[in-house]
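Trainee: Chains Z and D are the protein sequences, given in the same order. Mapping to my numbering: the first sequence position 65 is 449, numbers consecutive. Mapping to my numbering: the second sequence position 37 is 57, numbers consecutive.
Hints in this document: simulated from the structure, not taken from any laboratory. Take these hints with a grain of salt, some might be off.
[Unchecked claim] Below are the DSBU-like pairs computed for lysine-lysine, each with C-alpha atoms no more than 35 Å apart in a straight line:
(1) Z:530 / D:139
(2) Z:725 / D:77
(3) Z:725 / D:125
(4) Z:414 / D:39
(5) Z:663 / D:125
(6) D:126 / Z:725
(7) D:24 / Z:530
(8) Z:769 / D:149
(9) D:46 / Z:530
(10) D:149 / Z:719
(11) D:139 / Z:663
(12) D:39 / Z:738
(13) D:126 / Z:594
(14) D:73 / Z:549
(15) D:46 / Z:549
(16) Z:593 / D:39
(17) Z:594 / D:125
(18) Z:469 / Z:645
(19) D:24 / Z:719
(20) D:77 / Z:611
(21) D:126 / Z:605
(22) D:126 / Z:611
(23) D:77 / Z:549
(24) D:39 / Z:530
(25) D:125 / Z:549
(26) Z:549 / D:39
(27) D:44 / Z:549
(28) D:44 / Z:577
(29) D:125 / Z:510
Since the model is a prediction, treat every value here as computed from it, not as a measurement.
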Amino acid sequence: MKKRKKLGRNVAIVGAGMSNFGMFKEKNSKDLFVEAFQEMLSSVDKGFDPKDIEALYLGNFTNDFFMHQSHWGPIITDLLGITPKPATRTEGACASSALAFREGVFAIASGFYDAVLVGGVEEMSKRSTTEVAEGLALATVPYEGKVGFTFPGVFGVLATAYFAKYGASHEHLMNVTIKSHNNAPLNPKGQFKATIRDIMNAKIASAQKKGDPLPQWQDEKDFLRDKRANPVVAWPMHLYDCCPISDGAACMLLVAEEIAKNFTDDPIHIIGIGQGSGKGLHAAEELTSFEATRNAAEEAYGMAGIGPGDVQIAEVHDCFSMAEIMHIEDLGFFKPGYGYKAVEEGLTRLDGSKPINTSGGLKCKGHPVGATGIAQIYEIWTQLKQRAGKRQAPIDNLRIGAAHNLGGTGGTCTLTILERR
Amino acid sequence: MENKPFSDISYEQYLSEEKLMGSKCKQCGSVFTPPRPICITCHSSDMEWTQMKGNGKLAGFTCITVGPSFMAQEGFDRNNPYCVGVVQLDEGTRVDARIEGVDAKKPETIRVGMPLTVKFLHRGEGEGKRTFLAFSPV
Numbered sequence: 385m386k387k388r389k390k391l392g393r394n395v396a397i398v399g400a401g402m403s404n405f406g407m408f409k410e411k412n413s414k415d416l417f418v419e420a421f422q423e424m425l426s427s428v429d430k431g432f433d434p435k436d437i438e439a440l441y442l443g444n445f446t447n448d449f450f451m452h453q454s455h456w457g458p459i460i461t462d463l464l465g466i467t468p469k470p471a472t473r474t475e476g477a478c479a480s481s482a483l484a485f486r487e488g489v490f491a492i493a494s495g496f497y498d499a500v501l502v503g504g505v506e507e508m509s510k511r512s513t514t515e516v517a518e519g520l521a522l523a524t525v526p527y528e529g530k531v532g533f534t535f536p537g538v539f540g541v542l543a544t545a546y547f548a549k550y551g552a553s554h555e556h557l558m559n560v561t562i563k564s565h566n567n568a569p570l571n572p573k574g575q576f577k578a579t580i581r582d583i584m585n586a587k588i589a590s591a592q593k594k595g596d597p598l599p600q601w602q603d604e605k606d607f608l609r610d611k612r613a614n615p616v617v618a619w620p621m622h623l624y625d626c627c628p629i630s631d632g633a634a635c636m637l638l639v640a641e642e643i644a645k646n647f648t649d650d651p652i653h654i655i656g657i658g659q660g661s662g663k664g665l666h667a668a669e670e671l672t673s674f675e676a677t678r679n680a681a682e683e684a685y686g687m688a689g690i691g692p693g694d695v696q697i698a699e700v701h702d703c704f705s706m707a708e709i710m711h712i713e714d715l716g717f718f719k720p721g722y723g724y725k726a727v728e729e730g731l732t733r734l735d736g737s738k739p740i741n742t743s744g745g746l747k748c749k750g751h752p753v754g755a756t757g758i759a760q761i762y763e764i765w766t767q768l769k770q771r772a773g774k775r776q777a778p779i780d781n782l783r784i785g786a787a788h789n790l791g792g793t794g795g796t797c798t799l800t801i802l803e804r805r
Numbered sequence: 021m022e023n024k025p026f027s028d029i030s031y032e033q034y035l036s037e038e039k040l041m042g043s044k045c046k047q048c049g050s051v052f053t054p055p056r057p058i059c060i061t062c063h064s065s066d067m068e069w070t071q072m073k074g075n076g077k078l079a080g081f082t083c084i085t086v087g088p089s090f091m092a093q094e095g096f097d098r099n100n101p102y103c104v105g106v107v108q109l110d111e112g113t114r115v116d117a118r119i120e121g122v123d124a125k126k127p128e129t130i131r132v133g134m135p136l137t138v139k140f141l142h143r144g145e146g147e148g149k150r151t152f153l154a155f156s157p158v
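Let the hints inform the model, and build the full structure from the sequences given.
Mentor: What follows is the structure, given as structure tokens:
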């Protein structure tokens with residue numbers, strides 16, 4: 385029997401901040417991190433002196449290639465005025481900052497530190513789409529990149545395999561897109577704030593203004609079927625199946641649970657942190673599931689002593705619509721092959737029985753890759769603290785939420801489970 | 021052939037000789053494509069080369085309209101997509117490969133499960149010369 389893994393001592397979140405996500409010509413990584421940091425500081429109910437931060441763990445993936453600047457740890461400790469405190473950068477592709485979060489938890493759990501800052505930052509929009517696609521593809525498995533796979537392409541392959549195995553189609557992926565966009569206008573920090581219906585109306589209004597023939601879409605799916613409105617990027621991934629290119633930052637203050645009440649009467653407790661690694665498409669046992677996610681889930685649920693049914697709300701790594709369906713199955717929320725039906729039945733909507741990606745997900749909130757992991761945890765923190773405003777999930781006694789982050793083609797996955805007591 | 025290390029470089033050298041090679045664990049018999057130096061089933065390093073027959077079926081595919089620059093140099097773009105996929109070999113292992121001889125503009129005509137056979141695409145000259153693993157319908 386597997387031994388249940390536990391931390392040496394427990395860790396809680398007492399502050400959290402996130403910059404606006406989007407494409408910002410006038411802001412660089414430092415500006416974005418400052419935005420997140422200032423919100424984090426002001427979120428600590430009883431106040432926190434930055435001098436008491438003992439270490440920084442920072443996730444960043446692509447700034448080396450896109451900004452020609454690496455070594456971001458000390459840049460950020462210097463920016464915040466906390467040198468010579470140690471700064472450690474973590475890289476796990478799009479899961480980089482979930483790894484920073486986890487290392488921060490372990491640093492406190494070990495007893496070495498009492499308070500650490502964990503964060504993530506990414507600056508992508510100053511490069512062309514082709515450059516970004518090539519930069520991100522550096523995180524594919526070598527055999528994939530060499531024959532011309534792109535990230536949308538990887539998820540295209542997984543989608544065709546899933547469709548063949550379970551009888552789903554691109555029509556089902558549209559349900560994920562429409563659901564994410566329905567949450568989008570409710571998140572003031574997100575990159576996209578329009579529903580698919582809003583986008584259709586804007587396009588119709590624009591055609592009207594120009595005197596062009598008016599599009600004749602019957603409904604949202606009809607719009608998403610229109611190849612001009614929603615072109616193929618990597619079949620069957622279309623434009624609206626893909627998350628955007630984004631800039632952004634997020635950070636959190638972690639402290640030993642025994643001192644959490646010094647900072648807030650309402651800390652959020654970290655009850656499960658899991659991580660896994662995976663092999664790439666050619667070697668994976670199956671193309672419809674990520675072993676790294678399954679391992680992360682096993683670790684996190686095991687540590688928390690709960691099962692997937694106990695998780696009331698979750699953020700999952702929807703870099704592509706297909707990914708969201710795979711994750712909600714791998715995390716055990718729905719049976720394999722049933723994820724697409726659960727989405728179709730509305731179970732993952734904001735008002736569904738298992739709200740998924742209330743933030744709008746990577747699809748609408750944006751995906752500054754190195755910031756995403758902590759930004760996902762930020763959404764769960766916000767929901768648990770009943771601070772999500774119009775997108776607050778209408779769940780009675782909301783207590784337990786989880787954030788799932790994926791890097792590469794399933795090479796690195798994490799699951800973080802939070803509890804409000 | 022027996023003395024080559026079980027490495028990515030050897031794998032690509034074999035591809036340039038139009039051979040699709042894998043490694044086979046002499047201890048437990050597990051086969052790997054591309055070759056692995058360490059058996060992930062029993063962790064033995066006692067491996068031997070084994071040549072794949074080059075027949076298989078399509079396990080998953082995609083038709084890419086926005087590709088990396090080396091594919092753009094071959095003339096692929098939004099109006100001329102290319103197909104890549106994962107191929108399940110008859111020997112039981114899988115490989116990532118380009119899929120030729122299908123209409124990437126009509127992905128609905130490409131089927132998961134369709135039988136495929138190997139071909140080798142030689143591209144570039146001199147230092148830039150490389151061979152792509154590809155498959156096409158039987």
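Trainee: Hint by hint, say whether it matches the structure.
Mentor: So, going through the hints one by one against the coordinates:
1. Z:530 / D:139: holds (16 Å)
2. Z:725 / D:77: holds (28 Å)
3. Z:725 / D:125: The hint holds at about 29 Å.
4. Z:414 / D:39: This hinted pair is violated, its Cα atoms lying about 51 Å apart.
5. Z:663 / D:125: Between residue 663 of chain Z and residue 125 of chain D the Cα gap is close to 30 Å, so the pair holds against 35 Å.
6. D:126 / Z:725: holds (27 Å)
7. D:24 / Z:530: holds (21 Å)
8. Z:769 / D:149: Roughly 58 Å separates the two Cα atoms, so the pair is violated.
9. D:46 / Z:530: holds (29 Å)
10. D:149 / Z:719: Measuring from Cα to Cα gives roughly 47 Å; hence the hint is violated.
11. D:139 / Z:663: Distance of about 25 Å is within 35 Å: holds.
12. D:39 / Z:738: violated (50 Å)
13. D:126 / Z:594: The hint holds at about 32 Å.
14. D:73 / Z:549: holds (26 Å)
15. D:46 / Z:549: holds (34 Å)
16. Z:593 / D:39: Distance of about 60 Å is beyond 35 Å: violated.
17. Z:594 / D:125: holds (31 Å)
18. Z:469 / Z:645: holds (24 Å)
19. D:24 / Z:719: Roughly 45 Å between the alpha carbons, so the hint for residue 24 of chain D and residue 719 of chain Z is violated.
20. D:77 / Z:611: holds (29 Å)
21. D:126 / Z:605: holds (20 Å)
22. D:126 / Z:611: Status holds; Cα separation ~13 Å.
23. D:77 / Z:549: Holds, because 14 Å separates the two Cα atoms, which is no more than 35 Å.
24. D:39 / Z:530: holds (17 Å)
25. D:125 / Z:549: holds (23 Å)
26. Z:549 / D:39: Given that 35 Å is the threshold and the Cα spacing comes to 31 Å, the pair holds.
27. D:44 / Z:549: holds (29 Å)
28. D:44 / Z:577: Distance ~53 Å between residue 44 of chain D and residue 577 of chain Z Cα, so the pair is violated.
29. D:125 / Z:510: holds (31 Å)
The structure is inconsistent with the numbered hints 4, 8, 10, 12, 16, 19 and 28, although it conforms to all the rest.
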